[in-house]
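**Student:** Generate coordinates for the entire structure from the input sequences, incorporating the hints supplied.
Quick note, the sequences are listed as chains A and B, same order.
Taking this note's numbering, the leading residue of the first sequence gets 1, the next gets one more, and so forth.
Taking this note's numbering, the leading residue of the second sequence gets 871, the next gets one more, and so forth.
A portion of the hints provided could be inaccurate.
[Claimed, not checked] Keeping only pairs whose Cα atoms sit at most 20 Å apart, straight-line, the calculated SDA-like set for lysine to any residue is:
#1 B/1310 <-> A/68
#2 B/1208 <-> A/434
#3 B/1386 <-> A/434
These are calculated hints, taken from the structure and not from any lab test.
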Amino acid sequence: MSTELLSAKGARALTMEIDHRPVSFPEGVSVLRAAELGGIYIPSLCSHKELSAFGGCRLCTVEIEGMRGYPLACSTLAQEGMKVLTDTVALREMRQEILQLILSEHPSSCLVCEERDDCRRSQYTIRKAGVSTGCRNCPNDGQCELQEVVERVGVTAVSYPVIYRGLEAEHDDPFFDRDYNICILCGRCVRMCAEVRGTSVLAFNHRGPRTLIGPAFGRNHVEAGCEFCGACVSVCPTGTLADKSSKWDGKPDGCVTSTCPFCSLGCQVEMFTKDGRLSRVAGSLDSEINDGQLCVRGRFCMPETSHHHDRAKKPMLRKGKYFREVDWDEALTEVATRLKGVAADEVLMAVSGDLTNEGLFAAQQFARECLGTENVDSTARAYLPGGADFWTRLFALPISMKAVAQADSVVVAGLDSRFYFSVAGVQVRRAVRRGASLVAVDSCESNLACAAHHWLRPHAGTEAKVLAAVVRGLVEEGASADPELIRDSGVKGVALAEAVRALAPGTDLAIVIGPRIFECEGANDLLTVLTSLASREGVTIVPLFHGANTRGALELCVLSGPPSERSGASTGRVSLEGVRSGLAKPKVIYLVGESPFFERPDCEFVIAQDLYLPPFEVDAFLPAASFLETEGTLTNIEGRVQRMERIEDLPDGVVHGRVRPDWSIFARLAEKLGYSGMDYADAGAVRAEIHRRFPGFPSAPDRAPRRLAPPSGLAGEKPRHGPDGAKGFVLVGEHAGFRHRGIDLTAVVEGLSDLKLEEGLRMNPHDMEELGIAAGGLVEVSVDGTTVSLAARPDPECPGGAAFFFHVEASGGLSHRHSLRPLYGLNARPLRVQLSVAGSASTRRGGGRPQRGRKNAVSSEDEGNHVSRG
Amino acid sequence: MNAASLERRRRQAESRWKGLQASPDPVIYIGMGACGLAAGAGDVLAAIEGFLGTRGLKARVVKVGCIGPCYLEPLVDVQMPGRPRICYSNVTPEQVEQMLASFLERGEVFKRHVVGHFGEGDFDGVPSFYDHPMLKAQVRIVLKNCGIIDPEDIDHYLARGGYLALERCLSMPWNEVLDIVMRSGLRGRGGAGFPTWKKWQVCRETASDERYLICNADEGDPGAFMNRSLIEGDPHAVLEGMLIAASTIGATKGYVYIRAEYPLAIARLKSALAAMRKLGLLGDRILGSDFCFDITIKEGAGAFVCGEETALIASIEGKRGMPRTRPPFPAVAGLRGKPTIINNVETLATLPNIVARGPEWYSQFGTETSKGTKTFSLVGKVRRTGLIEVPFGMTLRQVIYQIGGGLLKEFKAVQTGGPSGGCLGEEFLDTPLDYENLAKAGSIMGSGGLIVIDRNTCIVDTAKYFLNFTQAESCGKCVPCRVGTRHLVNILDGICAGRGEVEDIDRLERLGRAIKGSSLCGLGQTAPNPVLSSLKYFRGEFLSHIVEKRCQAAVCRDLVVYRIIKEKCTGCQRCVQVCPTGAIVGPRSEPHNLDESKCIKCRSCYEICRFDAIAGDAIVIESRGQREY
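**Tutor:** Dropping the structure here:
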């Protein structure tokens, strides 16, 4: 376990002497860390603050009074009164020798080349013919830790011949390249993957001089189950692992801390820029949320999403049969004219929950005040099942990502953190590494369920009830859970009681709930018990939901009117649901960062305001600024209003287009429409207005978590039903998180499609075999009289008797998914459906007998669906 | 089973054992250890059984382990009623008929290939087996049962005092057993020689709900086979030792980590464990005491580094066999983070003897600091190779010349401690074999490999061989071991190929010291020993490779040319027959000619020539110095 983690709680301050200087340090840290805290440099290449001591590079040797030989600073525990010398002649000689050995295995001409000082200068010579001067064989040149160590240790020549491994650089997997010729085998990536991420994709292969890093058994990273979180790339001290997209950008010339725009966790990111453009992204070491960790989207998808050549960056208007680029003024005039020409209730405005707070506020203000319509809707509504009041109550609970990592007892329900909410998974694992007990409630064999000490495995669709029973057991300490409550879930009361017992001793309790749980029957009950548990000290509850700023949309009344007007206000309103089902026919549809349709809806004028053109015909397109091009704030799950920095400030023009922040587009439209209440000069002015209207909302970016005031009464809460009947399969809809505004990121970011996470039906291979469906074969899903056929993928992680349907709440880039429209129309709540092989009429029953022949799972007959580990 | 019922069983076993000694039928013992099998004991056994079958003779055949003189294998003992057991060496299937016919049909003692008998004094002109020069100077404590008993028959072990020591330990408090081990002066036989009791005490005194005991049988040194022979010949001694150790340190679970390349030893262990289980010597409440213990066999996949204790633990945990930094030492936090003791096979097999006969008896053997006996595998260019057990303090000269019978050619060096040890020259022949003296000489005791080198072996080549082994077996974790050993090999390669420079000697020494001083585990810390020690004692040979481009031992191929000394050649044609390229021609009885252009320096002619006619002695090649590489 990392010494850092050990020292996090209740550490005493001690002092020791390093190089004759007193240094104070917390109990439990290594000598290396103590020296670092005291500002004393000890060279090291394999140690990392978050990883266990490795002792592979042998550079951090020191002399300690009373200890034999040269102990390693990284693996020696710092103790009170120790006397350490870090820079003696003997140590220097040994380090130089070892460094020479490292360099003999690492093509290092750039480090010791005689010409290295003049090399840079002569590269800029202007010649007629293309001449390449200077070796450019490492993408990490100038950012390499090895270079720094060589500099500081002072090696100027290598007296050993270079051993070149002569391997081919690996380019096959998405997102990052690997050139193991320059690997120094420090093992940081291997430990990061195993210890922090819990994935263990990377390993040391072979032995002796043939030792190499990579997935075991010659698999590629996708096959080995890589999450592509990029944590390995971030800790690589050399250029062995490098982002594909920014590999040859060279040393970044700027770095800005900002907020990831892709999900509700609001991870802090370091944006590295080169020549005014985003080059690559790394997790910020901010300890409040992500502590250096990110997921595949935050780590790798940002540059491509904003810089993609398909980005539409100029305003466009349909003129007859042509769709043409026009200037802003013309576009806005046309849009304003059209909006003016229809009655207020004939306009529908759909606003994505991925917009900034400023954009969201301006959008609803524009609709409500300038256009005078209540017809504001959002696909983000689907992300908050149960409605605004239900989630306001959840947001009134104590939510803290940091507290998850420090909890003693953790419950995680319905969450597979490999690709969605990865950082939440990392925090859970951090807690487990520190000794917390973990209980998982999950019908799927998720990555966290596999890491849990107790895994309660209910049938699909009954997870909320089981989780509520666990929470109730914790609330009513000692009281045995009522087995009646979880009778139809397949979980035995004994297993439940055992899980509760394992959790009970913890003083700090964290409950992390995946978005799927809130769709299930019993969610209202779950909220009640969560609320009573939350009154206890040291409890944190993390109810996860999709969308980057869905909480902001809720707070700023985009999803529904102000609380005072909520009751009854929704009746008679034009909604997206209404348009999709054909019941409502607004004349003008204004899509802000949304593309909720597969084809152009039946109306007179469609306005799209987004980063990319929607996949259907629109009449006006207003190019919005991306997360890199505008400054703004996002509200994360904890209620922090976090700043998203403007990274790129590129001049308007043919090359960089003419994009505008959302709020600014609304402000200018309002101006065109003659409304004066939206005369905002900058985003700050919008924030000031937000603060005036919603006093609980900060007027400037404020990273303090906020708890909302729970609404009184239970009005507005929709009861959720379990799947009806006992026959058929349970269809569980799962929102896929790879959405940003109106697009599916998979369609834009090339690497994401390689991960084979494309939507579709996933089923237990055993069920598929029983139904006679081949892998990738078509399945007919019959629900409510409609039948859709789609490909099914065997997924051993899925429970028996259920089919999981993953879908993105945006049709951007999804024209090939047209046929799935009926399934998109369904809510995500679990349903009973009939499944059959496409083309045959026979449908077979599936439910009732889950987990047949599954590895890890114990047969439901003898032990219930409970798997205990540890 | 409790102590009383074990006692009953022991009495039965004793009467069975006596019955075997005084058997009315002839008894034939055959050494079926891996060395015997390799020498053809399987065929001999088939021939014996065939003979008995066709003649319709009644005799008992007992398969025993290796008794030590491996160069004499296959060894077969024949015991006639009323006569002592007589041992025969180098038995071939063809001889079986003659030998058995003489014994069983004519009642005469067969006189050819006889080694000795297991009785008192001379018998019918046959000397005692233990008076054989190879055995006379040995003190067999650990090996006392090897080659004598049937390793698959627990009764044989019981009859010879087996599990008595365990009984005694279980009736004592743990600290008294620890005291016995302390007073015996027993030190770890795996190589480092750490006092066994100290390690145990640390483990026992570390608070934990569980402790583990691991028997390290991952014997990987080239030329070492002490542990294999011991397990094959007397598995119960090791397992009883494990029970004693486990009851003392309070372990509940034991592992035998053994190389998968030792299938016979694994089979013997498995059958021994099954027999123990039957007798209640494993499992809950062993012999009616509170002691609960079980043993699992874990087969290693063949990585040398897994003999290092932290790598071994990682391997048992299912991880890559990779050492970690210490502290914490395994005795404090080992397998699955629990206090763990890892003892060598020999250390464990010594324990029952110490407990049974008392620490004072044991500590009478050996020197002041190194008590007791040590097994060695004596191999290389000695006349008598095999497994020996001698008290500490015996000199190398006694071991090599008295036990080993000396060399055929001139002695050059002895490599102790395998790839981690060093090459010691003639001046060290009178060095007593113990931990301190070997360390002082720049080598180590190691697990007990003794490789004797004569003048036909090149020291540089030997150092290169061991370095090649360690660099290939390095786990690759730490830089000095992974990269440093590779550079050592590169430099040695260059020297052997005639590309050496005088500065190379300096480079080897500097690099060797750096690797020794900065490697993570024992493998790297000792890997340069063969080079450093041979540089120290055989610097001249290195220099002659580098400066004169000459290999005295005529081993380094790039430095020698083969030519026939006409005066000595008798024209016997033997070299003509073995030459694979037809480089040697010549009529019978006339000096042959060797065509250098066809010669691939395979050394076959050199080895076969009886008349020293082919001079492998390096011929100086003047042009080599200017060769560009």
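**Student:** If a hint holds in the structure, say so; if it doesn't, say that too.
**Tutor:** Going through the hints against the structure:
1. B/1310 <-> A/68: 18 Å, holds
2. B/1208 <-> A/434: 17 Å, holds
3. B/1386 <-> A/434: With Cα atoms ~36 Å apart, residue 1386 of chain B and residue 434 of chain A exceed 20 Å; violated.
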